[in-house]
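Trainee: Each chain, written out:
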Amino acid sequence: NAGVTQTPKFRVLKTGQSMTLLCAQDMNHEYMYWYRQDPGMGLRLIHYSVGEGTTAKGEVPDGYNVSRLKKQNFLLGLESAAPSQTSVYFCASSRTAPPTYEQYFGPGTRLTVT
Amino acid sequence: AQKVTQAQTEISVVEKEDVTLDCVYETRDTTYYLFWYKQPPSGELVFLIRRNSFDEQNEISGRYSWNFQKSTSSFNFTITASQVVDSAVYFCALRLYDKVIFGPGTSLSVIP
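First to last, the protein sequences are chains A and B. According to my numbering, numbering within the first sequence proceeds without interruption in unit steps and concludes at 114. According to my numbering, numbering within the second sequence proceeds without interruption in unit steps and concludes at 1112.
Chain A extracted, bound-state conformation (with noise of 0.2 angstroms):
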């Protein structure tokens, strides 16, 4: 049970390249969300899925897509990589419902874009 992986887990980008982040659960939760996190800005929501199919944007949308092709799988793309887009990345899922409801994370990816 590996929970919530990332990948890959650090990234060099020059401006105006793209990528795609992967996260990846094995826990069959609904919903997964990806973030990032500034110093001292916390976590910030980036998009989020509540299920296979569906995305919804967050806090700070601009400027990333994503996709919810599968369950387990929720990706997260940059087109056009700018220096402000550098980051700790997070991705977490969670079930549906509650009481468990809290949000397990990944390991993060740090990204830095010159």
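Read the hints as simulated data drawn from the structure, not as lab findings. Each hint should be verified, as a subset may be incorrect.
What the hints assert, rightly or not - Across the chosen pairs, the derived CB separations fall in these ranges: (1) B/LYS1070 x A/PHE10: 39 to 45 angstroms; (2) A/SER18 x B/VAL1084: 39 to 45 angstroms; (3) A/ALA97 x B/ARG1063: 27 to 33 angstroms; (4) B/SER1074 x A/GLY16: 42 to 48 angstroms; (5) B/ARG1063 x A/ASN65: 42 to 48 angstroms; (6) B/ASN1067 x A/GLU52: 23 to 29 angstroms; (7) B/ALA1007 x A/THR7: 34 to 40 angstroms; (8) B/ASN1067 x A/ALA56: 31 to 37 angstroms; (9) A/GLU52 x B/THR1080: 42 to 48 angstroms; (10) A/THR86 x B/THR1080: 18 to 24 angstroms.
As the list claims (entries may be wrong) - Here are some chain B residues the structure puts well away from chain A; computed CB gaps all over 10 angstroms: (11) THR1009; (12) VAL1013; (13) LYS1016; (14) GLU1017; (15) ASP1018; (16) THR1030; (17) GLU1044; (18) ASN1058; (19) TYR1064; (20) SER1073; (21) ALA1081; (22) ILE1101.
Stated by the list, open to error - Calculated lysine-lysine pairs in the DSSO-like style (CA-CA distance at most 30 angstroms, straight line): (23) B/LYS1016 x A/LYS9; (24) B/LYS1016 x A/LYS70; (25) A/LYS57 x A/LYS9; (26) B/LYS1038 x B/LYS1003; (27) B/LYS1038 x A/LYS9; (28) B/LYS1016 x B/LYS1038; (29) A/LYS71 x B/LYS1038; (30) A/LYS9 x A/LYS70; (31) A/LYS57 x A/LYS71; (32) B/LYS1070 x B/LYS1038; (33) B/LYS1003 x A/LYS57; (34) B/LYS1070 x B/LYS1003; (35) B/LYS1038 x A/LYS57; (36) A/LYS71 x B/LYS1016; (37) A/LYS57 x B/LYS1099.
Note that beta-carbon positions come from the ideal geometry of N, C-alpha and C, so glycine has one too.
For chain A, the structure is supplied; the task is to place chain B on it using the hints.
Mentor: Just chain B now, with coordinates in the frame of chain A:
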């Protein structure tokens, strides 16, 4: 609007001191869930506790305790007899159905 405030940006204590981390939330919903997560220097996010809006019972787990007060919209976290391993960033979070809102975090340093 929903919001989570953790007014303490950084706290430094000497080992064995008690420390309380404050969390104040804002929501007009009557059903919500509150969580605390720990992020040690290694970077992973670890779930510590959940509480729903209908359960104001305080909880103690070893050296950790949580005080939930709806009257003041607070969900504070106390570490008793702190240890160096408690050094981490602690996040309070508010969940409203699909959406989860995190506070900015409190960085706790426990000095030996």
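Trainee: Could you check the structure against the hints above and give me the numbers of any it violates, in ascending order?
Mentor: 6, 10, 11, 17, 22, 23, 24, 36
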